[in-house]
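K.L.:
For chain A, the structure is supplied; the task is to place chain B on it using the hints.
For the protein sequence lines, the chains are A and B, in the order given.
When the count follows the working numbering, it moves up by one through the first sequence with no breaks and lands on 325 for the last residue.
When the count follows the working numbering, it moves up by one through the second sequence with no breaks and lands on 1257 for the last residue.
Incorrect hints may have been included.
[Stated by the list, open to error] Mimicking SDA-like on lysine to any residue, the simulated pairs with C-alpha atoms at most 20 Å apart in a straight line are:
#, chain 1, residue 1, chain 2, residue 2
1, B, Lys-1184, A, Ser-44
2, A, Lys-103, A, Ile-151
3, B, Lys-1183, A, Asn-194
4, A, Lys-138, A, Arg-242
5, B, Lys-1144, A, Arg-192
6, A, Lys-191, B, Glu-1008
7, A, Lys-142, B, Leu-1011
8, B, Lys-1183, A, Glu-144
9, B, Lys-1178, A, Ile-151
10, B, Lys-1144, A, Glu-193
11, A, Lys-191, B, Thr-1151
12, A, Lys-103, B, Lys-1183
13, A, Lys-191, B, Lys-1183
14, A, Lys-191, B, Tyr-1085
15, A, Lys-142, B, Lys-1144
16, B, Lys-1144, A, Asn-194
17, A, Lys-191, B, Lys-1178
18, A, Lys-201, B, Glu-1008
19, B, Lys-1184, A, Glu-144
20, A, Lys-201, A, Ala-258
21, A, Lys-201, B, Leu-1011
22, A, Lys-142, B, Thr-1016
23, A, Lys-138, B, Asn-1014
24, B, Lys-1227, B, Val-1082
25, A, Lys-201, B, Asn-1013
26, A, Lys-138, B, Asn-1013
Don't read these hints as lab results, they were simulated from the structure.
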Amino acid sequence: MWKSATYAVRGRGHVRDDVPCQDKVHEIRQNGVSAIVLADGAGSAKYSHFGAEAVARCMGSLLTECFDSLIENENAAQVREKIISALTQELELLSAELGCECKELASTLLFAAIKDERIFIGHLGDGVIGYVKNGELKVISKPENGERSNITFFVTSENAVQRLKIMKGAAADVSGIVMMSDGSAESLYDKRENLLSPALKRMLEWLSVVREGSLHETVRDSFNGVVVNATMDDCSVAMLARSEEADMLDRFGTDGCADFFGISSKDRRKEKRVKRYMQLIELYGQGLSLKEISARVHLSPKYTKRHLKRLRQIGIIGVAMRAKE
Amino acid sequence: MNNLRLREEDLMNNPTTRVIVTLCTDTSSSMAAVEGDDIVYTGKTVYKDGKTWNVVTGGSTRIDELNKGMKLLRKTLEENDVAKYSAELCLVKFADSAECVLDFASLERQKQFPELVADGMTHMGEGVNLALDKIEEAIAQCEKVGVDYFTPWLVIMTDGQPNGSSAELARAEARIRKMVEAKKLIVLPIAIGNEADQSALAKLSPDRAPVKLRGLRFKQFFEWLSKSIERTSNSMPGEIIPLDTEGIFNVNGWGEL
Chain A
1 MWKSATYAVR
11 GRGHVRDDVP
21 CQDKVHEIRQ
31 NGVSAIVLAD
41 GAGSAKYSHF
51 GAEAVARCMG
61 SLLTECFDSL
71 IENENAAQVR
81 EKIISALTQE
91 LELLSAELGC
101 ECKELASTLL
111 FAAIKDERIF
121 IGHLGDGVIG
131 YVKNGELKVI
141 SKPENGERSN
151 ITFFVTSENA
161 VQRLKIMKGA
171 AADVSGIVMM
181 SDGSAESLYD
191 KRENLLSPAL
201 KRMLEWLSVV
211 REGSLHETVR
221 DSFNGVVVNA
231 TMDDCSVAML
241 ARSEEADMLD
251 RFGTDGCADF
261 FGISSKDRRK
271 EKRVKRYMQL
281 IELYGQGLSL
291 KEISARVHLS
301 PKYTKRHLKR
311 LRQIGIIGVA
321 MRAKE
Chain B
1001 MNNLRLREED
1011 LMNNPTTRVI
1021 VTLCTDTSSS
1031 MAAVEGDDIV
1041 YTGKTVYKDG
1051 KTWNVVTGGS
1061 TRIDELNKGM
1071 KLLRKTLEEN
1081 DVAKYSAELC
1091 LVKFADSAEC
1101 VLDFASLERQ
1111 KQFPELVADG
1121 MTHMGEGVNL
1131 ALDKIEEAIA
1141 QCEKVGVDYF
1151 TPWLVIMTDG
1161 QPNGSSAELA
1171 RAEARIRKMV
1181 EAKKLIVLPI
1191 AIGNEADQSA
1201 LAKLSPDRAP
1211 VKLRGLRFKQ
1221 FFEWLSKSIE
1231 RTSNSMPGEI
1241 IPLDTEGIFN
1251 VNGWGEL
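So that you can see chain A by itself, here it is in the shape it has in the complex (with noise of 0.2 Å):
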């Protein structure tokens, strides 16, 4: 099973001007499929909003009605031409909607979908998208600019078909897929280097082993208080990892673990806190009471009760966790 985590946050810029946020980003699993998508609405085009947000929500919804004819047809071109024509379609309905022309609803594309272990990606325009493989953090698809920085390609461009680019393999050694906008791309990847910063491997191997949406708060204060200070545009992020039954302290050392439930590195007694929220986390997996509990790891309930709290809040309750043996 895949786990997906997605957030878009309004740039300072358009917080400035009072304009709508232009990123949309967009989660979906059904039949079979897991699936995230990401659409940048064109900074020029007045109802991009709009647009990057039925772009993203049509390709959902193509991916998981069509991800087997998709990824089966060896045709790229044709694959490329159908993807383009449903989203052209789509926001034709939309410009005769709104009384607008197309290109006022212009945005880019990033997707990723997952089915069976096959694995189907799409990317047009600017943004980056990577992956963990084999443990390792790398870049898949690079942004598309045009010859400035300030230009780049979107589904009612033109030359949209060919400038799609559609990729597919196996999912065997592939653990998490992680894709951005542009703005959040301006902190979070290196265009010289075309590294992607070692923190979203962090954050896809924690998306992993907790409860699905429980990263939602981690993922919104980092964007809100560290990634969107960093640019004027709109930034977003949309991730998928795979979902792992791991033994926390196997997985990530004491350190990684003291970290995640937020101890001090300086703490003395970390090894020992560390190792206490272990010992909660399988107590609270065998369905016993506060008191129960409370008695085993020889605490109060008064604070068996806020370090459960603690770790509901992080998520790590309600995953199922193999006991350390």
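P.N.:
Frame of chain A; chain B shown alone:
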């Protein structure tokens, strides 16, 4: 609070997208022309730059106001947190010949604008060709080191008629036309004073009509240019920057960048 949140040290360090601006300015003798309400005619005349001029006292010369305006441009850009790392300025002057008096460099490393002096003819074609050479060098350098840049700007300022090589002028016109059509260049043509040949300027700016500076409002013009550069430095991809030029030019022939 869990420490999975991104921290400053998790961010990648990408260089700021550059705003490349070349000022290509006339420093012919006519730029010593004086304007102002307090000028007094002496009754004498002098022949310079292909014309006969009245000698006056008082007022301020075009070149003095230009120098002041450029200093102001530099100062305001250095005071802006984003523009000071983003803006790259180059100054080319043309009179009897063309010369690059200040080449592109980051503001913190670049020297201050030199004082320009008005003397000589108006070899505008030569000046514009040199400015275009400089822009192309700057683009090549950005691409070589992997630094993004916005579409470069070329500001052409003149108060007279070009009287240098017509072949050089034609070459400049052709180069600009090609670059503007390919959306690789933005030209801002400024006419100074009543003697400026706006038709010559128009040929150097295929998609933007020349505008005439009101009086000697160089200060206002450079304040506006500085704000436009700051705005571009802080812009997002695809954002259109409106040019608010009211009060600076006689005719608001410009819309947006």
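K.L.:
Hint by hint, note whether the structure agrees.
P.N.:
Each hint, compared with the structure:
A C-alpha spacing of about 18 Å is found between B:Lys-1184 and A:Ser-44, which places the hinted pair at or below 20 Å, so the restraint holds. Our distance criterion of 20 Å between C-alpha atoms is met by A:Lys-103 and A:Ile-151, whose separation comes to about 14 Å. Straight-line distance between C-alpha atoms of B:Lys-1183 and A:Asn-194 comes to about 27 Å, which puts the hinted pair past the 20 Å bound. Distance check on the hinted pair: A:Lys-138 and A:Arg-242 sit about 16 Å apart at the alpha-carbon level, within 20 Å; holds.
Between B:Lys-1144 and A:Arg-192 the CA atoms are separated by roughly 10 Å; this keeps the pair inside 20 Å, and the hint holds. Only pairs whose Cα atoms come within 20 Å are accepted, and A:Lys-191 paired with B:Glu-1008 is accepted, the gap being roughly 18 Å. Straight-line distance between C-alpha atoms of A:Lys-142 and B:Leu-1011 comes to about 18 Å, which keeps the hinted pair within the 20 Å bound. Note on B:Lys-1183 and A:Glu-144: the hinted pairing holds, with a Cα-Cα distance of about 17 Å set against a maximum of 20 Å.
The straight-line distance between the Cα atoms of B:Lys-1178 and A:Ile-151 is roughly 18 Å, inside the 20 Å bound, and the hint therefore holds. With a C-alpha separation of about 13 Å, the suggested pairing of B:Lys-1144 with A:Glu-193 holds against the 20 Å cut-off. The straight-line distance between the Cα atoms of A:Lys-191 and B:Thr-1151 is roughly 19 Å, inside the 20 Å bound, and the hint therefore holds. Distance check on the hinted pair: A:Lys-103 and B:Lys-1183 sit about 19 Å apart at the alpha-carbon level, within 20 Å; holds.
At roughly 23 Å between alpha-carbon atoms, A:Lys-191 and B:Lys-1183 are farther apart than 20 Å, so this suggested pair is violated. Taken as a hint, the A:Lys-191 and B:Tyr-1085 pair is honoured in the structure, with Cα atoms around 18 Å apart against an allowance of 20 Å. Distance restraint check for A:Lys-142 and B:Lys-1144: the Cα-Cα separation of roughly 18 Å lies within the 20 Å cut-off, and the hinted pair is therefore satisfied. Between B:Lys-1144 and A:Asn-194, the direct Cα distance comes to roughly 15 Å. Compliance with the 20 Å bound is thereby established for this hinted pair.
For a cut-off of 20 Å, the pair hint linking A:Lys-191 to B:Lys-1178 is broken: about 29 Å separates their Cα positions. With a C-alpha separation of about 16 Å, the suggested pairing of A:Lys-201 with B:Glu-1008 holds against the 20 Å cut-off. Straight-line distance between C-alpha atoms of B:Lys-1184 and A:Glu-144 comes to about 17 Å, which keeps the hinted pair within the 20 Å bound. Taken as a hint, the A:Lys-201 and A:Ala-258 pair is honoured in the structure, with Cα atoms around 17 Å apart against an allowance of 20 Å.
The suggested pairing of A:Lys-201 with B:Leu-1011 holds, with an alpha-carbon distance near 13 Å, which does not exceed 20 Å. Pair hint A:Lys-142 plus B:Thr-1016 holds up; C-alpha atoms about 19 Å apart against a cutoff of 20 Å. Annotation: proposed proximity of A:Lys-138 to B:Asn-1014 holds, straight-line Cα distance about 18 Å (limit 20 Å). Proposed proximity of B:Lys-1227 and B:Val-1082 is supported: the alpha carbons are some 12 Å apart, at most 20 Å.
Distance check on the hinted pair: A:Lys-201 and B:Asn-1013 sit about 18 Å apart at the alpha-carbon level, within 20 Å; holds. As the CA atoms of A:Lys-138 and B:Asn-1013 are separated by approximately 18 Å, the hinted pair is consistent with the 20 Å bound.
Hint compliance for this structure: hints 3, 13 and 17 are broken, all remaining hints hold.
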